[in-house]
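In order, the protein sequences belong to chains C and V.
Quick note, the first sequence lines up with residues 287 to 796 if you use this note's numbering.
Quick note, the second sequence lines up with residues 2 to 1023 if you use this note's numbering.
Calculated from the structure, these hints are not laboratory results.
Since we're looking at a predicted model, the values are computed, not measured.
One or more hints might be untrue.
[Said to hold, decoys possible] Computed cross-link-like contacts, DMTMM-like style, restricted to lysine to aspartate or glutamate with a CA-CA straight-line distance of at most 20 Å: (1) V:K533 - C:D586; (2) V:K656 - V:E565; (3) C:K796 - V:D848; (4) V:K533 - C:E315.
[Unchecked claim] Selected chain C positions facing chain V (Cβ under 7 Å, derived; list incomplete): (5) S336; (6) V506; (7) G605; (8) T685.
[As the list claims (entries may be wrong)] Label pairs and their calculated CB-CB ranges: (9) V:W899 - C:K433: 48 to 54 Å; (10) C:S552 - V:S686: 47 to 53 Å; (11) C:N648 - V:Q485: 45 to 51 Å; (12) V:W899 - C:N648: 26 to 32 Å; (13) C:K712 - V:N566: 55 to 61 Å.
Where is the CB? At the ideal position from N, CA and C, for every residue including glycine.
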Amino acid sequence: MKRLKYIPLILLISFTVSSCSDFLNKLPENTIPSSAINYTQLSNMYAPVSGVYRIAESANPGLVHWMDYGIRGVRGDDLDKGSSASDQSQLTDIKLFHYNYASIQSFWGTNNCWNDYYGMIIDANSALAELDKFAANIPSTDATNLKLNLQYKAELRFLRSFAHLMLARVFGNIPILTDNSTIRTIGKSPVADVRAFINSEMDFCIANLEDARPNQSIHVGAVTKYSALMLKAKICADLAGSDNTSTYWDQVISATDQIINSGKFSLYPDYYQLFKKPGKMCNESLFELQFTDFGTSSGDIVEPDAFWAFQGPRGDQHGSPISGWGFMTPSQTIVDYLNSRNDSVRLKTTVLFTDTKTKGTNKYAVTPSNDTIWANSDGVKYFNGKAYLPSSQMTAGRTDYGENNNIRILRYADALLLNAEAKVRKGQSGDTPFNLVRNRAKLASITGATLQNVLDERRAEFACEWWGDRFNDLIRTGQAATTLSGFVVGTSEYIPIPQTQIDLNTNLGK
Amino acid sequence: MRKKSILLLLVALMSAGSLFAQNIQVQGVIVDKKTGEALIGSTVVQKGAATNGTTTNSNGEFSITVPQNSVLVVSYVGYVSQEIKANSNSPLKIQLEEENQALDEVVVVGYGTSKVKDLTAPISVVKTEDLQRRTTGSAMGSLQGSVAGVQVVTNGSPGSSPTVHIRGVGSLNNENPLYVVDGMFFDNIDFLNTNDIAEMTILKDASAAAIYGVRAANGVVLITTKKGKLNSKTQITYDGYVGFQTPVNMLKMASGSEYAAMEIAKGTTSDLAHVTLSSQKFGGSGTNPTTNTNWYNELLNQSALTHSHSIGISGGSEKATYNVALSYLYQDGIMKAQNNYSRFNLLAQTDFQAYDWLKIGYKILVSNSTLFSPNKTAFANAYYASPLYPVFDATNTNATPTDYASSTSIGFSNGAFANPVAAAQYYYDKTNGVQISPTVFAEIKLWKDKLLFKTQYSQKYTVNQDLNYTPAYYVDAFQLSPNQLNSLTSYQEKYQNYIVDNTLTYKDGIGNHHWSAMIGQSTRNESWRQLKATATNLNFNGAGFQEEYLYVSNGHPVASQVLENGTDYHGLSFFGRATYDFASKYLLTATFRADGSSKYQQKWGYFPSVGAGWVLSEEGFMKDQHLFDYLKARLSWGMLGNDAVPANNGFSFIKTGDPASGIFGSTSSSAGAYVPGYTNVNLFSYLKWEVVNEWDGGFDFSLLKQRLNGSIDYYNRQTNNLVFMAPQPMGNPDMLGNYGKVTNQGLELTLNWSDKIGEIGYTIGGNISTLKNKVDNLGGLAYKMTGISEFPTIMQVGQPVNSFYGYQVAGVYQTQAEINADPIAVANGLVPGDFKYKDQNGDKVLDSKDRVILGNYLPTVTYGFNVGLNYKKLELNVMFQGQGGNKILNMNRARRLWYSDMNGDAQMITHLWTGAGSTNEYPSALGTTKGWNNMASSFFVEDGSYMRIQNIQLAYSFKLAKTANAPFMRIFVTADRPLIFTKYSGFTPEIGGATTDLSNTGYDNNVYPTSATYSIGCRISY
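If we strip away everything but chain C, and leave its shape as in the complex, we get (with noise of 0.2 Å):
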């Protein structure tokens, strides 16, 4: 009987012994290491890169933060920061270019905006490495995969090169972050460097990147061999700056001849629709973010954050949901100089207006799509009309602003107005590629456009959009000191990089 009590201490004793090797070998829960994937399983291959449009959907990281456009934006004479004139003051300090206030260094939205393009950049960094994966199992008899793997390096590639150029448009000199494993070490590059690593980016994304409207590609709105062109001549106008003699502006005409004689592009007839549902992914869109609400009147709904309700109409709207916190809005320099061009279209695209009309004491407006906008106390007089998205074009249910619209991001004008532009630095006529942007928005053909002809129709057609290209355009043309109040050449052109950065990265303050 009393043996009895051995039994169990045996029992427990054997079986802690015998179990404890496997005990300990468990893998973490709904966690799939990156080291079970299996690379063989070609059909996968697009998944990493998926990804990283997803990523550049998104604002932290992403494209898409609102503070990011901000800090961007403000700096053009075509943007006041808006709002009250208290919320957000940096933004205040930034476009009078007071950099060295030691309030812009410590500021959140330029260490937001670092944060958000690096942390894209790092995505795709991981991504490429990943397609490096799936290219070590194509066999090489597999000229169809070998190219696919390519084609879709270069779409990340594409993507991190954009995310690149937005970051050196607002600081100026910073790393070309290739390799992940370098982001608490790695130094500054010269803005110049900068935009040769782009360069050469989209020399081999050229080479490819399919040769294909991006809607009519197989991922409909991916970037594709003219996103590429776009960007190149961007960025060797860039590089060109205001010197005529420069060998880039061949480089400029060649790529935008490519995609205007690829015959695959034209402009939508309808400048004020382009920016708005049936200008959606169209002809004219060289390179798009995009987002939806999958035509559904609740449920799952993909946004870019609060991109749009940032720049919707301030104040107090009476329930309609033709309303934001009023950032961004069109300047009076803007209005002035568009009403000076008698540039009708453009005027009412760009810019919703608020106190035209008046009922008791409240003054209002009506939009060209019948949507009531109301005056507010903050004296903010007009809002962005290129992120305004007419309640009639929602899908019935929904109730944010611009929900379900894309982000325009490289326009076919762009090539036409570069290629004109370029044209004309080199002692050619720029007429045709000019004409057509200027038709489309219903104004009159000029014969013999000089260059300022071009910069004045780039600033006419793509005022209030989000990339910072005005401030841009002046600061490569060298007419940022005469045009912008406070900018000093040399000083204005780039913000300090954040505070927070060099604290992380001490190489970032040598």
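Place chain V on chain C using the hints.
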């Protein structure tokens, strides 16, 4: 079968014995040996016949009829029990001796017990009575200020968990100690009813805690729940109280006119409009609006009910013990919304001596809780919201279903300024939790009383169900339910943990040599799984809202909101302990634990410890002195580990599914779709075991005829391979890493004096502990930035962890002349009324090099003290608690960086700079909106010291009747946390910790205010 017959025979003999033996009546009086005072309510029980017992009357007298020569067991709480043979009718005078500073008390240590006098480590034992005096919902909350070296930070939100630090911060990745309840591991003990706790032992240093190895880096709290006692009569106990809570130290916000004055002084169109629009719409004229909404008053109740009831029945026979207890706790929140916590607990325990060599037993603890959480955002909204608009506005015709007023009506266009009352009301969050934790054990005597084998299986099974419902509502364009539809998020989560422990204990001795040895093995599994689903547009078909209708399938499910997650960790440990003592004079303890964890890449960690004690008062040379009655010196060393890190560190992994997939084909005519994608997260850290190395030296003493008792300890604990979450450059997510070495050191002193003056007994006790925290190295780096990026903290070698970092405010520029004379002011475009920061390096440029350490969130001193008085049946206790040396970053004020139009505390808003000489402390009204004045600086870092009256209790104890067996009753009135003394400008200096990323500790993010509780209660035992 044979056993059974023997048992029957025994029973028969015993009953026969009681039938035939001659009964005698024994009378007597029970007194305190030292004072001679009668001990009222002492128990006298016939040994072996638990049902035959009595208690002493108010004169300490008893009378009992027992068989001749039987043994009486005489006991009284806090006194050493005695056994007396009943063989005479002459009155007995029984002198009970008070337990000698509880030195003979047996305390629970890891996987075993020890006599207090044999301990070589600093171990604190908390008595149940001390816990019961407080009316907090959680047992750890009751501990605040009671134990040296244990810092408890409570939170006023019903059902919330207090933050507990034992000896500073050992690990930055998880600061909570390990709780071991009857052998089962828990992260907190919020589920426990205080009345169910029999004993709480706190293992503060590494030598004591090392037996728990990898989980013990932050100290260990051992809890034993109540059990019945062998040979005791059935005891029924009721404990209860009912009271109300009221917010204390209410923050005074700027009033309507004070806020208006600031807005007008800013001088901008928008700010002025807030004032004039308020006049136009809600009364007043021009720049004198009459609206003055005190949002906190609108949001908070002045009193909230709380009550608690427990009833328990326990007892035991010769072979079995049992305890069954039921309890109910209800705590209303002070927010005017559905906000309360209720908990129903059940505890059942039985032990049975099956054979003389086998004891078996089980315990089941069931906790059933319901929590209605408040919308914490509403609380923050109340800080930001302008007092210039009312709660309701009948003219806000777009508002539905209730006509709440909108901040847009006075010109705001940001959700941060949303109507706080609407935010609180349009919110429904109910969490139902059921936790079942059974424990079953068997104890086998293998060789007399010397060799004991124990095996125990413990389980914890928790199911939480959370329903988070938002009704369809609209207040304005910035405060509305998405798409103006209702929505429901339903979470189901399950925790399933088990531990199997096997220990073999050997105890023996020859003469003055005593030794013991224990070896053990433990297998552990902890798993968690959660499923979350969301639906919008729930259609009740006009049936109105009912909790029972809250099912995701009643609405339109949102595909991307179906999320599932889980963890599953395995652990395997081998451990042992050996003790040796010579005549209880020289003591030696050594322990060792080997821990294997499936979480780390490095699978095994080893944790040794040793401790030595020397009872000096037993030595010959101490015999002649009369100061010390008892004196023991201790010295110990040990190592501890921490595996509270997420398991997905150490390798690269992918994020996949819809959230990682791009949208393609979203055109004018087509909605677009996901193309399957993934993101590879290939920056990761390889984590090593975080190891704590601790030395402790101390004395336990008792002097002046045992009237003064206490202990003093010095400790030095160094954490190596410190794991914490650190920000990474270039937008890479924060990452865990082994970043360095941190030391915590300090002194802990506990003193208790108790004496009598005439009939008045009194006790004065206190504890104080100091903490010095220092970063020793950071793996070669000079510093590492942590915390919130705009108001950062810094890890710097030689400084405390996560110290606040920024500019030192030197004052406010008063005149233009002062501006013109200062190149820094000129370079930054400043005007009078802006802050002047100290140019630390004197280079006439204000930049990052001028930032300095501004303080740290860790208190350097924590203390508690209490005074107790008793006179006859009356008792009065007052307890104080406080801390000093810590700083708080007032995030409420700092939010002005993002929300420049927000309201603020009256202290600041009414003292803004208005002209030369007005103030040197606050910026001008316009200045409050500028980036310059909202940079991380000493302005936002405030002193977090406080002292609080933690508890006042007046109690009266008496018997309900004169008979010896009459029920015993104690009634009491209690004030919990009635008063706080602090200079801090927020609601409360008790701001707790961040739950995940501890580098965010010390920021006051508008926590739920602590409230005072006034209650009346009673305890009846029979």
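Problem set entry | Violations among the numbered hints, reported as their numbers in ascending order | Hint check: 11 fails alone, others pass.
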